[in-house]
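Student: Residue-level listing of the chains:
2 protein chains.
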Amino acid sequence: MNLTEKTVKQNVVFEGKIIRVRCDDAELPDGKPCKREVVDHAGGASVLYVREGKVLLVRQFRYPYMEETLEIPAGKLNPGEDPARTAARELAEETGWQPASVEHMFTIYPTPGYSAEKIYIYRAHGVREGQVHPDEDEFVTAAFYPVDEVLSMIEKGEIKDAKTIIAVMSLRLQK
Amino acid sequence: MNLTEKTVKQNVVFEGKIIRVRCDDAELPDGKPCKREVVDHAGGASVLYVREGKVLLVRQFRYPYMEETLEIPAGKLNPGEDPARTAARELAEETGWQPASVEHMFTIYPTPGYSAEKIYIYRAHGVREGQVHPDEDEFVTAAFYPVDEVLSMIEKGEIKDAKTIIAVMSLRLQK
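Just so you know, the protein sequences line up as chains A and B, in that order.
Counted from 1, the first sequence has number 76 at position 76 by our numbering; the numbering is strictly sequential.
In our numbering, each residue carries its 1-based index in the second sequence increased by 175.
Any given hint could be a false lead.
[Stated by the list, open to error] Going by beta-carbon spacing under 7 Å, a handful of chain A positions derived as facing chain B:
#1 F14
#2 E37
#3 P110
#4 P112
#5 K160
#6 D161
[Unchecked claim] Straight-line alpha carbon distances no greater than 25 Å define the calculated DSS-like cross-link-like pairs of lysine-lysine that follow:
#7 K293(B) / K35(A)
#8 K229(B) / K76(A)
#9 K6(A) / K35(A)
#10 K6(A) / K192(B)
#11 K9(A) / K192(B)
#12 K35(A) / K251(B)
#13 K181(B) / K17(A)
#14 K156(A) / K192(B)
#15 K181(B) / K293(B)
#16 K293(B) / K9(A)
#17 K9(A) / K32(A)
#18 K293(B) / K118(A)
#19 K293(B) / K184(B)
#20 K331(B) / K210(B)
#21 K210(B) / K76(A)
#22 K192(B) / K293(B)
#23 K331(B) / K76(A)
#24 K156(A) / K251(B)
#25 K6(A) / K76(A)
#26 K54(A) / K17(A)
#27 K251(B) / K32(A)
#28 K118(A) / K210(B)
#29 K331(B) / K35(A)
#30 K156(A) / K6(A)
#31 K181(B) / K118(A)
#32 K184(B) / K17(A)
#33 K118(A) / K207(B)
#34 K210(B) / K181(B)
#35 K76(A) / K207(B)
#36 K192(B) / K17(A)
#37 K192(B) / K229(B)
#38 K6(A) / K251(B)
#39 K76(A) / K293(B)
#40 K6(A) / K32(A)
If you are wondering where the hints come from, they were derived from the structure by calculation, not from laboratory data.
Quick reminder that beta carbons are idealized off the backbone N, C-alpha and C, glycines included.
I would like the entire structure built from these sequences, with the hints used as guidance.
Tutor: Spelled out as structure tokens, the structure:
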């Protein structure tokens with residue numbers, strides 16, 4: 001079965017700092033016209049850092065939900081930036097911990113119905129302590145949580161962030 | 176540390192069929208003004224159905240990535256709809272399998288930096304075979320895959336959808 005849809009015309013309806021939104025004229029596999037709403041995003045890179053059986057999580061306010069969340073450190077790719085570099089940079093900026101290297105774990109599609117964002121998940125290795133340099137409009141606090149406690153918070157719905165759930169579950173599955 | 180941001184003014188910049196986009200005037204914890212880009216969405220409900228050690232996945236074309244994906248069945252909530260009902264409905268419509276009940280597994284935040292969407296993940300129970308009724312502009316094919324094969328496809332990056340990864344990993348962790 002052919003499932004392929006075609007773009008007839010891209011129509012940008014919003015160009016923001018974080019996202020660009022399109023409402024494209026497209027064509028279904030059977031040739032019928034349709035509209036497709038798409039959120040373009042440069043991509044997000046996140047990083048799992050485990051130290052003595054504890055996971056480093058950042059607490060921050062997430063405006064879309066109007067609530068605080070606990071997540072692994074993450075940030076948006078700069079134009080043309082290697083996501084591995086973004087992950088290492090965000091870990092250092094948000095938490096002060098400086099990785100010697102990061103290893104790719106997953107590339108995930110957070111919500112493929114309308115977003116074109118890819119979220120890269122890395123694991124940090126050879127980490128040294130350094131200085132915190134958050135972005136000007138970023139307020140975060142970082143702390144370590146035992147892996148079992150994080151899994152229990154996921155189970156209880158206290159941690160809902162998709163990339164964080166995947167990174168920590170996969171850590172437990174590798175055991 | 177107070178992390179709370181405040182809405183000064185909501186500004187809707189795009190009102191689509193699937194998403195609504197805002198570029199709000201907001202206030203940082205220190206009182207400084209900022210802009211916050213938000214994608215509003217009615218919410219998505221998805222459903223894990225396991226039959227004889229195999230997971231039911233749907234193959235579909237995802238326009239934002241211009242590629243086919245394998246995902247657990249899912250769909251958008253109708254206004255005011257209980258997500259459990261959406262999950263049961265989407266399973267039946269997309270695959271023909273009719274659950275007697277669905278059990279809540281997780282509520283996840285797919286990409287909390289800009290989206291307010293909540294994705295609900297359910298597990299289907301008491302499933303009977305029925306008829307397929309996809310939406311008019313929806314082209315999907317459904318098939319069963321052994322749990323180990325799905326985990327291997329996740330490992331190899333062949334399955335990238337966040338809700339699918341979380342549902343299947345959690346299945347293995349429960350064992």
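Student: Decide if the proposed pair is consistent with the structure: K181(B) and K17(A), CA atoms, cutoff 25 Å inclusive.
Tutor: holds, 19 Å
Student: Next pair to validate is K293(B) with K184(B); report whether the Cα-Cα distance is within 25 Å.
Tutor: Holds - the C-alpha atoms of K184(B) and K293(B) are around 23 Å apart, at most 25 Å.
Student: Within a Cα-Cα threshold of 25 Å, do K9(A) and K192(B) meet the stated pairing?
Tutor: holds, 18 Å
Student: For the pair supplied as a hint, K118(A) and K210(B), confirm whether the alpha-carbon distance does not exceed 25 Å.
Tutor: holds, 23 Å
Student: Is K192(B) close enough to K229(B), meaning Cα to Cα at most 25 Å?
Tutor: violated, 34 Å
Student: Between K118(A) and K207(B), is the straight-line Cα distance small enough, at 25 Å or below?
Tutor: Since the Cα atoms of K118(A) and K207(B) sit roughly 30 Å apart, the hinted pair is violated (cutoff 25 Å).
Student: CA of K210(B) to CA of K76(A), is that 25 Å or under?
Tutor: Roughly 16 Å separates the two Cα atoms, so the pair holds.
Student: What's the verdict on K331(B) and K35(A), does the C-alpha distance respect the 25 Å limit or exceed it?
Tutor: violated, 32 Å
Student: E37(A) was flagged as interface toward chain B. Is the shortest Cβ-Cβ separation under 7 Å?
Tutor: Given a least distance of 4 Å, the restraint on E37(A) holds.
Student: Under 7 Å, Cβ to Cβ, is where P112(A) needs to be relative to chain B, so tell me if that hint holds or is violated.
Tutor: holds, 4 Å
Student: Compare the distance between the alpha carbons of K156(A) and K251(B) with 25 Å, and conclude whether the hinted pair is satisfied.
Tutor: Satisfied, since the Cα-Cα distance of roughly 24 Å is no more than 25 Å.
Student: Straight-line Cα separation of K35(A) and K251(B) no greater than 25 Å?
Tutor: Holds - the C-alpha atoms of K251(B) and K35(A) are around 16 Å apart, at most 25 Å.
Hint check: violations occur at hints 8, 14, 16, 20, 25, 26, 29, 30, 31, 33 and 37; the rest are consistent with the structure.
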